[in-house]
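Once you have looked at the hints, place chains B and C on chain A.
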Amino acid sequence: MKEEIIMKKKLALVLAAATAMSLAAGTAAFAEEDRIEIEFWHAMGSSNGELIQELTDAFNESQDKIFVKAVHQGSYTEASTKLQAALSAGEAPVVAQMEIGSLGLFADAGVLVNLQNYVDAEGFDLDDFMPGLLDASYYNDELIALPHSRSLPVLYYNKDKFAEAGLDAENPPQTWDEVKEAAAALTKDGTYGYSCPLDQWYYTSLVMNAGGTIYNEESNGIGFNNESGTAPLNWWKEMIEAGTMHIPSGQDYNSSEACRNAFAGGTAAMIMQSSAQLKGLEKTCEFQVGVAAIPELTTRAYPAGGSNLMMFAGHSEEEEAAGWEFLKFMTNTENAIKWANGTGYLPVRSSCMEQEEYQAMVAEDPNLQIINDNVQYCAEATFIPQYAETKDIIANEIQKCILEENYSPEDAVQSIADRVAKLF
Amino acid sequence: MKKNNRSVSERRDRMLGVATGLPAIILLCIFTVYPVFYLIYRSLFDGSLISPKKKFVGLDNYVEILSSETFHKVLMNTIIYTVLFVGLTMVLAIIIAVWLNGTRQKKLGNMVQACIFTPHVISMVSVSIVFLWLMEPDTGFFNMIITKLGLEKYPFLSNPKTAMISLVLVMVWKSVGYYVLLVMAALQTVPKSIYEAAELDNTSKFRTFFKITLPMISPTILFTCVVASIASFKIFDAVNVMTQGGPVDSTNTLVYYIYAYAFRLGKPGIACAAGVVLLVLVCIMTYVQFGVSKNKVHYQ
Amino acid sequence: MESYNRDIALHKLGRFMNAALKVVVILIFIFPFYWMLSTSLKDLTEALQFPPTLIPSSLHWENYAHVFEVVPIAQYFRNSVIVSLAVLVLQYLIIVPAAYSLSRHEYKGKKLFFGLVLLGQMIPQQITFLPVYFMFSKVKLLGTLLPLILPFISNPFGIFMLRQYFMQIPQEVIEAAKLDDASNLKIMFKVMMPMAKPALVTIGLLSFISTWNSYFWPLIMTSSESLRTLPVGVAALKSSETLQMWHIIMAGNVVLVLPILIVYLVASKRIRNSFAYSGIK
Numbered sequence: 004m005k006e007e008i009i010m011k012k013k014l015a016l017v018l019a020a021a022t023a024m025s026l027a028a029g030t031a032a033f034a035e036e037d038r039i040e041i042e043f044w045h046a047m048g049s050s051n052g053e054l055i056q057e058l059t060d061a062f063n064e065s066q067d068k069i070f071v072k073a074v075h076q077g078s079y080t081e082a083s084t085k086l087q088a089a090l091s092a093g094e095a096p097v098v099a100q101m102e103i104g105s106l107g108l109f110a111d112a113g114v115l116v117n118l119q120n121y122v123d124a125e126g127f128d129l130d131d132f133m134p135g136l137l138d139a140s141y142y143n144d145e146l147i148a149l150p151h152s153r154s155l156p157v158l159y160y161n162k163d164k165f166a167e168a169g170l171d172a173e174n175p176p177q178t179w180d181e182v183k184e185a186a187a188a189l190t191k192d193g194t195y196g197y198s199c200p201l202d203q204w205y206y207t208s209l210v211m212n213a214g215g216t217i218y219n220e221e222s223n224g225i226g227f228n229n230e231s232g233t234a235p236l237n238w239w240k241e242m243i244e245a246g247t248m249h250i251p252s253g254q255d256y257n258s259s260e261a262c263r264n265a266f267a268g269g270t271a272a273m274i275m276q277s278s279a280q281l282k283g284l285e286k287t288c289e290f291q292v293g294v295a296a297i298p299e300l301t302t303r304a305y306p307a308g309g310s311n312l313m314m315f316a317g318h319s320e321e322e323e324a325a326g327w328e329f330l331k332f333m334t335n336t337e338n339a340i341k342w343a344n345g346t347g348y349l350p351v352r353s354s355c356m357e358q359e360e361y362q363a364m365v366a367e368d369p370n371l372q373i374i375n376d377n378v379q380y381c382a383e384a385t386f387i388p389q390y391a392e393t394k395d396i397i398a399n400e401i402q403k404c405i406l407e408e409n410y411s412p413e414d415a416v417q418s419i420a421d422r423v424a425k426l427f
Numbered sequence: 048m049k050k051n052n053r054s055v056s057e058r059r060d061r062m063l064g065v066a067t068g069l070p071a072i073i074l075l076c077i078f079t080v081y082p083v084f085y086l087i088y089r090s091l092f093d094g095s096l097i098s099p100k101k102k103f104v105g106l107d108n109y110v111e112i113l114s115s116e117t118f119h120k121v122l123m124n125t126i127i128y129t130v131l132f133v134g135l136t137m138v139l140a141i142i143i144a145v146w147l148n149g150t151r152q153k154k155l156g157n158m159v160q161a162c163i164f165t166p167h168v169i170s171m172v173s174v175s176i177v178f179l180w181l182m183e184p185d186t187g188f189f190n191m192i193i194t195k196l197g198l199e200k201y202p203f204l205s206n207p208k209t210a211m212i213s214l215v216l217v218m219v220w221k222s223v224g225y226y227v228l229l230v231m232a233a234l235q236t237v238p239k240s241i242y243e244a245a246e247l248d249n250t251s252k253f254r255t256f257f258k259i260t261l262p263m264i265s266p267t268i269l270f271t272c273v274v275a276s277i278a279s280f281k282i283f284d285a286v287n288v289m290t291q292g293g294p295v296d297s298t299n300t301l302v303y304y305i306y307a308y309a310f311r312l313g314k315p316g317i318a319c320a321a322g323v324v325l326l327v328l329v330c331i332m333t334y335v336q337f338g339v340s341k342n343k344v345h346y347q
Numbered sequence: 332m333e334s335y336n337r338d339i340a341l342h343k344l345g346r347f348m349n350a351a352l353k354v355v356v357i358l359i360f361i362f363p364f365y366w367m368l369s370t371s372l373k374d375l376t377e378a379l380q381f382p383p384t385l386i387p388s389s390l391h392w393e394n395y396a397h398v399f400e401v402v403p404i405a406q407y408f409r410n411s412v413i414v415s416l417a418v419l420v421l422q423y424l425i426i427v428p429a430a431y432s433l434s435r436h437e438y439k440g441k442k443l444f445f446g447l448v449l450l451g452q453m454i455p456q457q458i459t460f461l462p463v464y465f466m467f468s469k470v471k472l473l474g475t476l477l478p479l480i481l482p483f484i485s486n487p488f489g490i491f492m493l494r495q496y497f498m499q500i501p502q503e504v505i506e507a508a509k510l511d512d513a514s515n516l517k518i519m520f521k522v523m524m525p526m527a528k529p530a531l532v533t534i535g536l537l538s539f540i541s542t543w544n545s546y547f548w549p550l551i552m553t554s555s556e557s558l559r560t561l562p563v564g565v566a567a568l569k570s571s572e573t574l575q576m577w578h579i580i581m582a583g584n585v586v587l588v589l590p591i592l593i594v595y596l597v598a599s600k601r602i603r604n605s606f607a608y609s610g611i612k
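Residue numbers (this note's numbering), protein chains in the order written: chain A, 4 to 427; chain B, 48 to 347; chain C, 332 to 612.
Hint data in this document are derived by calculation from the structure and do not stem from the laboratory.
Just so it is clear, the structure is predicted and the values come from calculations on it, not from any experiment.
Treat the hints with caution; some may be incorrect.
[Said to hold, decoys possible] Once the Cα atoms are required to be at most 35 Å apart in a straight line, the calculated DSBU-like pairs of lysine-lysine come out as:
no. : chain 1 : residue 1 : chain 2 : residue 2
1   : A       : LYS341    : A       : LYS162
2   : B       : LYS341    : C       : LYS439
3   : B       : LYS102    : A       : LYS394
4   : B       : LYS101    : A       : LYS394
5   : C       : LYS528    : C       : LYS600
6   : A       : LYS162    : A       : LYS183
7   : C       : LYS528    : B       : LYS281
8   : B       : LYS208    : A       : LYS403
9   : A       : LYS331    : C       : LYS471
10  : A       : LYS403    : A       : LYS162
11  : B       : LYS195    : A       : LYS183
12  : B       : LYS258    : B       : LYS239
13  : B       : LYS252    : B       : LYS154
14  : B       : LYS100    : A       : LYS331
15  : B       : LYS154    : C       : LYS343
16  : C       : LYS441    : C       : LYS517
17  : A       : LYS240    : B       : LYS200
18  : A       : LYS394    : B       : LYS281
[As the list claims (entries may be wrong)] Among chain B residues calculated to face chain C with C-beta under 10 Å, some are:
no. : residue
19  : CYS76
20  : TYR85
21  : VAL159
22  : VAL168
23  : MET171
24  : ALA233
25  : VAL274
26  : PRO315
27  : THR333
[Claimed, not checked] Over the 10 Å line for every Cβ pair with chain B, so calculated as not near, a few chain C residues:
no. : residue
28  : ASP374
29  : ALA396
30  : LEU472
31  : MET526
32  : LYS528
Built from N, CA and C at the ideal position, the CB exists for glycine as well.
One chain only, chain A, in its complex shape (with noise of 0.2 Å):
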């Protein structure tokens, strides 16, 4: 008998603390479930991917009704293919960050909302946000993103190596045969004077320095089939042979990783990176890290760069506005700065330069000065669905040209015009 009322009151022990968990339980997802959850995708790792997490930590802290899950999915290709992925299966998150050459894909799709009418409900003010930059976030004239970790490619320079080669550490090399001098002074002892991936991105911005454009008037071919598309091969190929350039291994983003690690290892002097590497360079390396504006050989003219922040359709009306809040939130003036600042990224807001946060942080770190003073060149892009798979042949090109023989440079940029020709 005991026995049977030990067992009888343990059970009723167990009961009530089974009951008063699931109570307790179902009050905190009854608190949770007031808040409305929507995703958040990003391609940002490392101290970029940190300063996001803050940043929508910020947001999160900052009201109750929206929670924003930050979920870091790789590299902007990666990120874009499992996008893609997403799409198809019904699963995409409700706010992205997303490459803004992906552009044209989406959009063409048709899968992304139209944030005009949230623009115009709020009287929102776009225009403040930078003109270079609100350019590349219509498709059709429809507002389909808001600019946000928008980069320039920039030349980076080891001051330290450069004090030693006796060149001028705060008078960096601003043409192409500056750079080409400047690299043979810098190279020795195993290291060399300059290096850079063969990517389509930092070709074509060297194209746009020799005067070209990268898709043409008609919006059918390359804008580049003359001596702006073979002179960059041409200078290349010259510091090649002279033995100053390093060609840094892999594919697509894999090539920028060893380009940063030939630099960071002392490898290559000099290197033509995103200004989104600043921050991350700056923490990494141990020599004093220059900046320097992409050298010129015509003109001053960059490809756009970075990615757009985006909304997908097929959720709910409440999901989109909470999607909504999270945009404007992550694109205010204050986020913009501590976003641009803390990554190399351009502050997109002109009354970012305005503030006092803004000018701090640039006296504290000039290099950040110099990426914002090259915001102008930053010129209009198209970004069509061809874009994807123009981006591989001019790489696939640009490459054969560099590392086989008997490949001319007229030869590649005629086959481009050829491939991409055919694409329309």
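Coordinates of chains B and C only, in the frame set by chain A:
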């Protein structure tokens, strides 16, 4: 009465047979049969990965890939890779197997066997990452050896001429232990009496090998070559981790091409068409495999 | 006498060279593992310096802490374990009855079933992945680990091998059990399975190793970090930071390799025999 019992128990027997086999049958139909049909079906449409809308284009996708220079290169690369890999691996495997089989240092020999097999059990990703690091052009171990020998650093995987062979050598390192195992098993089926007879006749080791050993194990060798070839067509992991198809498409192989078109360039129609080409290749090689294995049985 | 001594000397030299060659071969196959471990214990500067040091100047075990904290390696590890074990256990539920059915029963369509098994062995995942991907995407299962498990539990090789084993069980043993009035289920469990134990072990070992090492399929089927398996996660380490942190990448690689290496060290002979069997069939 008896007849009834027998047919009832026969029916029960049959039903039980079907019932126990059903789960496997269903799964195999879903994951093997259906995909093959869908692959062929989907290859006749265009469309993107994102939107479900697609248009029937008939054989256009096939025309596109068969006239694409990139696809030609991809097919060539896959065949070259297969020939190089199977050739190198089998030759090495035979040499090592004969060596280990005839050695008197049994303990050491067993250790060698165990060690050379180790790369085969670990992930292809692990092997690729380690060799990517060893072959790193600026700071890798191999280049340290090379510079110590007074030569210049070499970009194994970023030179279009050497990327493929570097890839092949990594795969040979990973797999040779497995093929040594198979060849040794074949060697052990050769009756010792034949070797003893050869020794009595004072036959040299070389003659023994070429005139006796090799012919006796050649059916197994041939069979293994065909099986290894089929496996080689499927190479992907090492390409994706080490070279991403480059440089200049020198290591772009069939499965990598399919993957890139499906997920990076968002053209599932093309990907499926290329997939059908792979299917045809696998079918042909499997047919050859059956033919060769028949010989094998016959020979015994 | 002189030539006799010389012969002995040559013979000894030959034996020595033979042994030395074996040691060299062993080193060729062991060195990359050592290099992996050595790099994983260096700090960033030492890992990226050239020429690299053969032995780390000090052992930086915190790299492993980094790999578990900053990179969710523990998560990837957990997913790998779940998937590998799930496939291992669930496949027995499918293949044992299937092999039993193919070996000891007669019914219409049995040849078709066997043909299906052969087809399954022939068609590789590199052909089926895209349609299967679309299939799982339609039923919205891509957000789970199921796509990594379900397609593999009908392991055709396992069915094939078990069927051969079952077929080799002498009829008299079955008859004896039937005389003892054993039900079919009992026969399967108490008689056939114990006799097929070597096959079951082989299938289990090969399946576990292959699932654990699998890269292509999880790469395609999982898009979120919470579902990633270890090989996919470790491969992604190459591009997750500003620089390629080789010491961290190698630490992750060691974590990936270690479980299989341990299994291999424990059951090396058994594993090799399993692979040998699968290669000779």
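- Task: Taking the numbered hints from earlier one at a time, note which ones the structure violates and give those numbers from smallest to largest.
- Result: none
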